[in-house]
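Taking the hints into account, I'd like the entire structure generated from these sequences.
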Amino acid sequence: MQADEVPLLKDYGTYSTSLPVRELRNGEALALHQLLFYVTTSDLDAFAKRMGADVELRKSVDYIAAASHSGKSASVLVGFLRAMEQNTVDGQRSMNFSHYLYMPFANNGGNNHDSVDEDQLERACGKSTKLRETLGASYMRDCFKAQAFGQRFRFLRRLLHLHCEPTRYLQDWKPALRNFNTTKKLLQKDIFTFMQRNPSGTLLVHVDEHRCMCPDAHFRKGAMRVLAELPGVQVLATYTDIPPLPQQKSSETCRRPIACLLPDVGTIMKGRLPMQGIVENEAIQLRVATLRVTLGLALQKLLLAGLHFESSKIDQLLKDLKETLRNADNDVQGLEQCIQDCNKKWMDDSAEEQTSLVDLLCGIRENDRRVQEKRFPQVVALEDILTAPLEVLLRDGDDDSLSPANMLHVSCQKLFRQALTTSPRAAVTAGKILEYAYLWALACRSYKFSRLDFDELLVPFQCKDVQLGYIFQENKSLDSAKVAEMQTATLYYAQGNHPCADMFFKDDAGALYLVDVGGTSEMSKAQKKIQKMDEVLMNESLRDDLQVAVVKGVVLLPNIESIKASVTISAIAITRARARKLLGGLAQLLAWLPTV
Numbered sequence: 125m126q127a128d129e130v131p132l133l134k135d136y137g138t139y140s141t142s143l144p145v146r147e148l149r150n151g152e153a154l155a156l157h158q159l160l161f162y163v164t165t166s167d168l169d170a171f172a173k174r175m176g177a178d179v180e181l182r183k184s185v186d187y188i189a190a191a192s193h194s195g196k197s198a199s200v201l202v203g204f205l206r207a208m209e210q211n212t213v214d215g216q217r218s219m220n221f222s223h224y225l226y227m228p229f230a231n232n233g234g235n236n237h238d239s240v241d242e243d244q245l246e247r248a249c250g251k252s253t254k255l256r257e258t259l260g261a262s263y264m265r266d267c268f269k270a271q272a273f274g275q276r277f278r279f280l281r282r283l284l285h286l287h288c289e290p291t292r293y294l295q296d297w298k299p300a301l302r303n304f305n306t307t308k309k310l311l312q313k314d315i316f317t318f319m320q321r322n323p324s325g326t327l328l329v330h331v332d333e334h335r336c337m338c339p340d341a342h343f344r345k346g347a348m349r350v351l352a353e354l355p356g357v358q359v360l361a362t363y364t365d366i367p368p369l370p371q372q373k374s375s376e377t378c379r380r381p382i383a384c385l386l387p388d389v390g391t392i393m394k395g396r397l398p399m400q401g402i403v404e405n406e407a408i409q410l411r412v413a414t415l416r417v418t419l420g421l422a423l424q425k426l427l428l429a430g431l432h433f434e435s436s437k438i439d440q441l442l443k444d445l446k447e448t449l450r451n452a453d454n455d456v457q458g459l460e461q462c463i464q465d466c467n468k469k470w471m472d473d474s475a476e477e478q479t480s481l482v483d484l485l486c487g488i489r490e491n492d493r494r495v496q497e498k499r500f501p502q503v504v505a506l507e508d509i510l511t512a513p514l515e516v517l518l519r520d521g522d523d524d525s526l527s528p529a530n531m532l533h534v535s536c537q538k539l540f541r542q543a544l545t546t547s548p549r550a551a552v553t554a555g556k557i558l559e560y561a562y563l564w565a566l567a568c569r570s571y572k573f574s575r576l577d578f579d580e581l582l583v584p585f586q587c588k589d590v591q592l593g594y595i596f597q598e599n600k601s602l603d604s605a606k607v608a609e610m611q612t613a614t615l616y617y618a619q620g621n622h623p624c625a626d627m628f629f630k631d632d633a634g635a636l637y638l639v640d641v642g643g644t645s646e647m648s649k650a651q652k653k654i655q656k657m658d659e660v661l662m663n664e665s666l667r668d669d670l671q672v673a674v675v676k677g678v679v680l681l682p683n684i685e686s687i688k689a690s691v692t693i694s695a696i697a698i699t700r701a702r703a704r705k706l707l708g709g710l711a712q713l714l715a716w717l718p719t720v
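In this note's numbering, the protein residues as written are 125 to 720.
Treat the hints as calculated values from the structure; they're not laboratory data.
On a predicted model such as this, the values are computed, not experimentally measured, just so you know.
Among the hints, erroneous ones may be present.
[Claimed, not checked] Below are the EDC-like pairs computed for lysine to aspartate or glutamate, each with C-alpha atoms no more than 16 Å apart in a straight line:
hint, residue 1, residue 2
1, 425, 465
2, 443, 465
3, 446, 465
4, 600, 664
5, 425, 439
6, 688, 658
Structure below.
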């Protein structure tokens, strides 16, 4: 990659100055590429696969939208390196990444490109959206030349002892560059030189803080389009908002979401909270699982970069948790105190009202027209939906605070938060966390859409309330009296030793639905859950005293890739992507929950 004709690539020392940094409160610049990156292998592989997938039908700008300090920028270089290692992606041609260029438009320790304000823009081209888009393309070419060839990029000017005047994007804008295609051809030549005449490679351009280029969306659209439409170039944009480009399936250059990597709490705990000597029984394992979730939420609240510095808030929290485990009278008490301490870092904040939060909880489809029509604060992009950060989902309410949808959301939110506390009578378990997440998501989804989609089973049901219930007898058969007492429009959840079904409800036609949740990644355990549901359905179908039209069963298995059709007889098994889709924004929890 070294090349004397490209100043940025003349040696590694020079190139490394262009990589992302974050400025700490003491003014020190933190080089992100020099730090450990905590991520599971499976999550990193999936992330790299998504980055490296060659979208041949049209050019796209990939983007990662997530909350500030969530690790967006650091994850891109890690994903780039992993994608380079993957020659093929499930039989698909890899993009063959060969070069990485980080282009920041804010922060980065002050080492970023200059922005263009609205006054400058209006003086240059008035209100013409076409001219604004073309000017954005010209601006991006200037920025690329400045960074790649060391002409104006602030820090590189000093490093390379270059004495160039600061960029004069608007004053020096030549009439010839008013043509978008002319700019694109000139930029293509610049990139050809930068790539050292390697036509087989792909340049990944990481555009960070894209909204800070200019307040005008058309300007930013032109800036990213001109790069994305070039052969051998892939653009990945990172910010707390989505780029101003059309959705996928558009005939134009479009946007394509990539889910942000979440920190691997399991690895962090192994290194900073060793559990040696703790007895491995079920009570302990389940509390460790809960601690993983609460610690993950605390880490995001306290800023992930603190993992790498002594005396940071995160460092102090981990030291305190370690001391708590060491001094506790017993392991259960120690773990419960750790859970409580982590909860204090995020749970005690006052709730706020967020725009369309119930919609974001369910997941707003990335191609929904509302995504173009209004801006959602603190948005997080998953594979095909937009949602909100977990902390926001677990704390805040909808801006339509008196709506039935928000009332239902707040009720389920309260139940979920209770599952993260350590009341002696409450079962603090990984299973319960996942069960309550599904209860919350299914209740809100059914209210918003007046139905639940269980693969081929489309259930007309609108939940208006959630209640605790128990409908099995001691002999593990359904209690006909309790079934008869069930109300429609109510989603029931089981607590304690329920033989089958974590949730259950009746639809308007009188059908009874049993829903069981399994967080396991082991096929044998998943098959046992399905078998148990099949047995219940088979036995109950022979009864004529239940006074229900039919009994149907669903098993949700978000950590199982697929189930052979021969495994299930009557129950509907919903796996991996389809099961995760039902969780909406709460699917983010799966990065921290162990597969029990």
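Need the list of violated hint numbers for this structure, in ascending order.
none
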